[in-house]
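Here is how the chains run, residue by residue.
There are 2 protein chains.
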Amino acid sequence: MLVPIDFAAEFERLADFWSPHVVARVNDSYVKVAKLQGEFVWHAHADEDELFLVMRGQLVIQLEDGEVVLGPGQSVVVPRGVRHNPMAAEECWVVLVEPVATKHTGDVVTDRTRSIAEQLA
Amino acid sequence: MLVPIDFAAEFERLADFWSPHVVARVNDSYVKVAKLQGEFVWHAHADEDELFLVMRGQLVIQLEDGEVVLGPGQSVVVPRGVRHNPMAAEECWVVLVEPVATKHTGDVVTDRTRSIAEQLA
Chain D
1 MLVPIDFAAE FERLADFWSP HVVARVNDSY VKVAKLQGEF VWHAHADEDE
51 LFLVMRGQLV IQLEDGEVVL GPGQSVVVPR GVRHNPMAAE ECWVVLVEPV
101 ATKHTGDVVT DRTRSIAEQL A
Chain F
1001 MLVPIDFAAE FERLADFWSP HVVARVNDSY VKVAKLQGEF VWHAHADEDE
1051 LFLVMRGQLV IQLEDGEVVL GPGQSVVVPR GVRHNPMAAE ECWVVLVEPV
1101 ATKHTGDVVT DRTRSIAEQL A
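Sequences listed follow chains D and F, in order.
Okay, so the first sequence: first residue is 1 according to this note's numbering, each after it adds one.
Okay, so the second sequence: first residue is 1001 according to this note's numbering, each after it adds one.
Just to be clear, a hint being listed does not mean it is correct.
To be verified - Estimated spans, in silico, between C-beta atoms of each pair:
{"no.": "1", "chain 1": "F", "residue 1": "Gly1038", "chain 2": "D", "residue 2": "Thr113", "range": "33 to 39 Å"}
{"no.": "2", "chain 1": "F", "residue 1": "Leu1063", "chain 2": "D", "residue 2": "Ser115", "range": "30 to 36 Å"}
{"no.": "3", "chain 1": "F", "residue 1": "Val1100", "chain 2": "D", "residue 2": "Ala117", "range": "37 to 43 Å"}
{"no.": "4", "chain 1": "F", "residue 1": "Glu1012", "chain 2": "D", "residue 2": "Ala117", "range": "38 to 44 Å"}
What the hints assert, rightly or not - Residues of chain F clear of chain D, computed beta-carbon distances all greater than 10 Å:
{"no.": "5", "residue": "Ser1019"}
{"no.": "6", "residue": "Ser1029"}
{"no.": "7", "residue": "Glu1091"}
{"no.": "8", "residue": "Pro1099"}
{"no.": "9", "residue": "Thr1113"}
{"no.": "10", "residue": "Ala1121"}
To be verified - Residues from chain D that face chain F, not an exhaustive set, calculated with beta carbons under 10 Å:
{"no.": "11", "residue": "Val3"}
{"no.": "12", "residue": "Ala89"}
{"no.": "13", "residue": "Val109"}
Quick caveat, the hints were computed from the structure, so don't treat them as lab data.
No experiment lies behind these values; they were computed from the predicted model shown.
Glycine included, each C-beta is placed from N, C-alpha and C at the ideal position.
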């Protein structure tokens, strides 16, 4: 029997900002939840598109040619190779859809980098 | 510059039940919106998992060993090969994530079957 995912409950369980947690796998992608606050880090994913869906709060995705501002129920796909930097002035809840291979800080390693094992824990 | 997707606006534009509309591509998957009401058709996707996320209303997914009931903010992944039949007593809005190759009625063709070209239109 299949077990539903309750996104609100998954967000409630998240203790740390910028620490994505995998809630489902669909084909070769993971669906993740993350709480964001503050500024992340400029990075790109060479071979992977990344979908952001805001569930609560407001997310600004800085791009080299401007920025995209997303509120609840709004989404954007950052195409592969596009450098971006997520920012949230206040606490923001986002759902991410990205390939299982995606490193959330892309080609950059910082103290915020979480391994896939950590994201699955 | 990237263009955000506003899910509420996408749902408002949908005129017909059971007629998914593609709103984004992320890697090898499409993100679709669909309005559901009534009962669909039993089917399976041999090689593709399918994610359902309910945005409004209540969705019942009948399975051969029971059923899953989803409300707003709840989601389930129907694994490849699992026969299922979506039902909604009242109007229900769902987001779907599934491979670009997925036929929404799976291995079954009915008068509700919509081609990928129709879903992209």
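So, going through the hints one by one against the coordinates:
For the pair F:Gly1038 and D:Thr113, the beta carbons lie near 47 Å from each other, so the given range of 33 to 39 Å is not met. Distance hint check: the CB atoms of F:Leu1063 and D:Ser115 are about 34 Å apart, consistent with the given range 30 to 36 Å. For the hinted restraint 37 to 43 Å between F:Val1100 and D:Ala117, the CB-CB distance of approximately 29 Å leaves it violated. A hinted range of 38 to 44 Å for the beta carbons of F:Glu1012 and D:Ala117 is consistent with their spacing of about 41 Å.
Here F:Ser1019 stays apart from chain D, with its beta-carbon at least about 20 Å from theirs, past the 10 Å limit. Against chain D, the non-interface label of F:Ser1029 is violated: not every CB pair exceeds 10 Å, the least being about 6 Å. A cut-off of 10 Å between C-beta atoms confirms that F:Glu1091 is not in contact with chain D; the least separation is 17 Å. Chain D draws F:Pro1099 into its interface by the beta-carbon criterion, the shortest separation being 6 Å against a cut-off of 10 Å.
The claim that F:Thr1113 is not at the interface with chain D holds, since no C-beta of that chain comes within 10 Å of its own (minimum 21 Å). The Cβ of F:Ala1121 lies farther than 10 Å from every Cβ of chain D, with a closest approach of about 19 Å, so its non-interface assignment holds. Because the closest C-beta pair between D:Val3 and chain F is about 8 Å apart, less than 10 Å, the hint holds. Interface hint status for D:Ala89: violated, as the beta-carbon distance to the closest one in chain F is roughly 18 Å, over 10 Å.
Hint on D:Val109 is violated. Least Cβ distance to chain F is approximately 23 Å, over the 10 Å limit.
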